[in-house]
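Trainee: Here's the letter readout for the chains.
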Amino acid sequence: MSEPLLSVRGLSKEFPIRGGILNRVTGSVRAVTDVSFDVAAGETLAVVGESGCGKTTTGRCILRLIEPTAGQVTFDGVDLLSLRGAALRKMRRHIQLVFQDPYASLNPRMTIGDTVKEGLTIHQLAEGAAADRRVQSLMEEVGLRREWATRYPHEFSGGQRQRVGIARALAVEPKCIVLDEPVSALDVSVQAQVINLLQDLQRDRGLTYLFIAHDLGVVEHLATRVVVMYLGRVVEMATADVLFSEPIMPYTQALLSAIPLPDPLAPRDRIVLVGDPPSPANPPSGCVFHPRCFHPDKDVACTQVIPPLEEKAPGHWAACIKQPAGTSDFFLPAAALRSRRTAASPAT
Amino acid sequence: MTETRTHPNDPLLSLRDVRVTFRTADGLITPVDGVSFDIARGETLALVGESGCGKSLTALTILRLIEAPGRIEPGSRILFDRRDLLTVPDAELRSIRGRKAAMIFQEPMTALNPVYSAGEQIAEVVRTHTKASRSEAWTQAVAMLGAVGIPSPEIRAKQYPHQLSGGMRQRVMIAMALVLNPSLLIADEPTTALDVTIQAQLLDLLREAQQARGASMLLITHDLGVVAESAQRVAVMYAGQIVEEAPVVALFAAPQHPYTEGLMAAMPRAGSRRERLTTIPGTVPPPGAWPAACRFADRCRYAWSRCTTEAPPLHQLGDGRSSRCHLVDEPARRVAAHDMVGVTA
Numbered sequence: 095m096s097e098p099l100l101s102v103r104g105l106s107k108e109f110p111i112r113g114g115i116l117n118r119v120t121g122s123v124r125a126v127t128d129v130s131f132d133v134a135a136g137e138t139l140a141v142v143g144e145s146g147c148g149k150t151t152t153g154r155c156i157l158r159l160i161e162p163t164a165g166q167v168t169f170d171g172v173d174l175l176s177l178r179g180a181a182l183r184k185m186r187r188h189i190q191l192v193f194q195d196p197y198a199s200l201n202p203r204m205t206i207g208d209t210v211k212e213g214l215t216i217h218q219l220a221e222g223a224a225a226d227r228r229v230q231s232l233m234e235e236v237g238l239r240r241e242w243a244t245r246y247p248h249e250f251s252g253g254q255r256q257r258v259g260i261a262r263a264l265a266v267e268p269k270c271i272v273l274d275e276p277v278s279a280l281d282v283s284v285q286a287q288v289i290n291l292l293q294d295l296q297r298d299r300g301l302t303y304l305f306i307a308h309d310l311g312v313v314e315h316l317a318t319r320v321v322v323m324y325l326g327r328v329v330e331m332a333t334a335d336v337l338f339s340e341p342i343m344p345y346t347q348a349l350l351s352a353i354p355l356p357d358p359l360a361p362r363d364r365i366v367l368v369g370d371p372p373s374p375a376n377p378p379s380g381c382v383f384h385p386r387c388f389h390p391d392k393d394v395a396c397t398q399v400i401p402p403l404e405e406k407a408p409g410h411w412a413a414c415i416k417q418p419a420g421t422s423d424f425f426l427p428a429a430a431l432r433s434r435r436t437a438a439s440p441a442t
Numbered sequence: 372m373t374e375t376r377t378h379p380n381d382p383l384l385s386l387r388d389v390r391v392t393f394r395t396a397d398g399l400i401t402p403v404d405g406v407s408f409d410i411a412r413g414e415t416l417a418l419v420g421e422s423g424c425g426k427s428l429t430a431l432t433i434l435r436l437i438e439a440p441g442r443i444e445p446g447s448r449i450l451f452d453r454r455d456l457l458t459v460p461d462a463e464l465r466s467i468r469g470r471k472a473a474m475i476f477q478e479p480m481t482a483l484n485p486v487y488s489a490g491e492q493i494a495e496v497v498r499t500h501t502k503a504s505r506s507e508a509w510t511q512a513v514a515m516l517g518a519v520g521i522p523s524p525e526i527r528a529k530q531y532p533h534q535l536s537g538g539m540r541q542r543v544m545i546a547m548a549l550v551l552n553p554s555l556l557i558a559d560e561p562t563t564a565l566d567v568t569i570q571a572q573l574l575d576l577l578r579e580a581q582q583a584r585g586a587s588m589l590l591i592t593h594d595l596g597v598v599a600e601s602a603q604r605v606a607v608m609y610a611g612q613i614v615e616e617a618p619v620v621a622l623f624a625a626p627q628h629p630y631t632e633g634l635m636a637a638m639p640r641a642g643s644r645r646e647r648l649t650t651i652p653g654t655v656p657p658p659g660a661w662p663a664a665c666r667f668a669d670r671c672r673y674a675w676s677r678c679t680t681e682a683p684p685l686h687q688l689g690d691g692r693s694s695r696c697h698l699v700d701e702p703a704r705r706v707a708a709h710d711m712v713g714v715t716a
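Chains as they are written, first to last, in my numbering: chain A, 95 to 442; chain B, 372 to 716.
Hints listed in this document are in silico derivations from the structure and should not be mistaken for laboratory results.
Since we're looking at a predicted model, the values are computed, not measured.
Treat each hint with caution, since some may be false.
So, partial list: chain A residues that the calculated Cβ filter (under 10 Å) puts toward chain B [as the list claims (entries may be wrong)]:
id : residue
1  : Leu116
2  : Val119
3  : Thr120
4  : Val123
5  : Ser145
6  : Gln166
7  : Pro247
8  : Ser251
9  : Asp309
10 : Val312
11 : Glu314
12 : Tyr345
13 : Pro356
14 : Val366
Glycine included, C-beta positions come from ideal geometry on N, C-alpha and C.
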């Protein structure tokens with residue numbers, strides 16, 4: 095890989111827990127622990143995991159919407175975490191965010207035209223009639239009619255509002271967009287429209303996406319590479335093709351096998367995990383996944399050693415100290431898993 | 372226990388021409404407009420559709436949980452165990468709710484009472500419907516929490532909803548629904564708010580509990596993956612109407628209604644990687660803005676003049692299938708539309 099556009103190293107975020115009448119810090123939640131990954135220009139890196147795994151916090155730390163406790167974030171050769179004031183604002187132009195909830199993330203008192211224009215004004219990219227023209231062409235680019243610029247968010251459906259959010263992010267011509275669950279709140283038929291739009295924009299503008307999501311169907315469709323997080327840590331990282339066909343880490347295997355397949359004839363050979371994810375305020379010792387792990391070789395070492403994220407095959411990283419799939423009959427052999435997934439291809 | 376004589380093929384639940392209206396500032400709307408379906412004993416029927424299609428309202432109608440300004444229109448019939456739930460006296464309805472037919476809601480945090488412990492809420496169901504004493508009801512509640520897979524149920528029973536995880540709260544809801552062995556479970560998006568590994572646990576739990584008890588289930592969902600895993604039959608709703616009904620395997624093999632076809636094609640899945648997804652243009656219209664003839668006509672890739680002038684009936688296709696589409700009369704038009712795509716591609 096050439097020089098990455100975005101590089102994250104050892105990113106950690108602890109939130110203090112306060113309690114008692116003096117509101118003293120009584121503990122901390124380690125929302126993100128030692129997260130490292132690179133995003134190449136033009137690719138879509140998906141960060142996946144279940145609620146509370148730290149994927150959203152990771153995204154916000156990169157944008158400095160939350161100040162990380164430790165780590166390094168380099169964007170286009172610039173150390174983002176050292177920037178202050180005007181320099182930081184200037185940098186934000188190049189890395190934008192699209193939020194999950196299209197209802198909460200637009201200002202209800204601003205017309206959508208003004209919402210899209212705000213970034214242009216702040217970054218002094220265009221003024222007056224030129225700005226209005228830019229807004230109109232942006233709206234058309236995301237599939238909204240230009241005459242809708244004078245309308246307010248409540249006049250739009252969820253899918254249309256998400257298009258407004260995308261137009262707002264695009265207005266400042268960023269290189270990279272952090273997409274935080276951009277289609278989770280949308281109905282299936284509308285979700286497909288927005289996914290297509292995101293793909294078109296990426297192709298036309300050479301955008302880089304950091305795609306935060308829990309819906310693995312959407313991730314498999316959009317992502318070029320995938321980072322899997324569990325309890326604040328990266329547990330596996332690979333290209334989408336490899337990750338979806340040959341997952342190594344037991345958690346990833348369980349996560350993939352839990353996806354309900356839209357095929358009533360698909361075999362139900364899923365791995366059902368026992369219990370809930372533990373609290374990030376009190377994470378398990380050793381491998382954070384060990385209390386729920388079903389690996390046949392799981393032993394006392396798993397409860398003591400924090401497994402490092404190792405490159406098990408070229409470009410395929412996983413955090414597990416045991417021998418991966420293929421050496422044990424217990425796992426779904428990778429080939430079977432793959433055929434099971436292709437069996438779920440469109441029926442018509 | 373009164374033994375009702377029923378024919379084994381008699382459906383447990385039959386909805387006939389159910390209509391729900393709401394009086395709004397913009398006039399009268401009919402978000403559920405003439406819905407009919409049957410659920411056999413022991414069967415799971417999935418009611419599928421996108422937000423605003425009327426699927427959840429239909430579920431609420433069954434136990435008469437529609438509140439003003441909503442109104443279940445006269446002429447609607449809901450036969451449950453041969454009793455019309457829309458005409459039974461309130462006292463009888465109360466004895467059916469929770470005991471013979473139980474509901475599981477999407478959001479356990481709002482459906483559970485925050486000031487009662489998990490065990491108290493389940494025990495209350497038992498005490499309301501049976502003569503069990505306070506301690507008997509508590510014992511039953513604890514046993515039920517264990518049966519739905521909650522570890523150390525004695526301790527968990529004493530905890531309040533906010534002390535439980537989302538998955539655990541949904542297990543409490545399921546325990547509440549199952550504790551009196553109802554013959555019908557109505558589950559409204561029971562796993563939508565949950566993570567995928569927890570969803571897998573709960574779908575298995577629901578299926579096992581239902582099979583062990585021989586209960587019927589109405590499963591309301593928007594997720595075709597959940598449908599494929601859990602249901603025997605499927606009814607697809609769009610704009611207040613059922614547009615297609617079919618056994619699950621047949622539906623996924625060859626959806627008949629263009630809306631069902633569009634929904635399935637719009638799902639990202641293996642094999643479609645980084646290609647363009649087929650989309651349904653436009654958005655689901657709100658009640659009150661539905662097209663007059665076929666309600667899907669403005670978004671349909673096959674629509675022709677007849678679709679905007681004449682409302683299609685729900686055509687019966689045999690083998691338990693039906694489709695509310697004029698294509699049933701003119702199937703050549705579907706083939707022609709596909710050929711045209713082939714030529715331009």
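Trainee: Of the numbered hints stated previously, which ones are contradicted by the structure, given in increasing order?
Mentor: Per hint list: 1, 2, 3, 4, 6, 7 violated.
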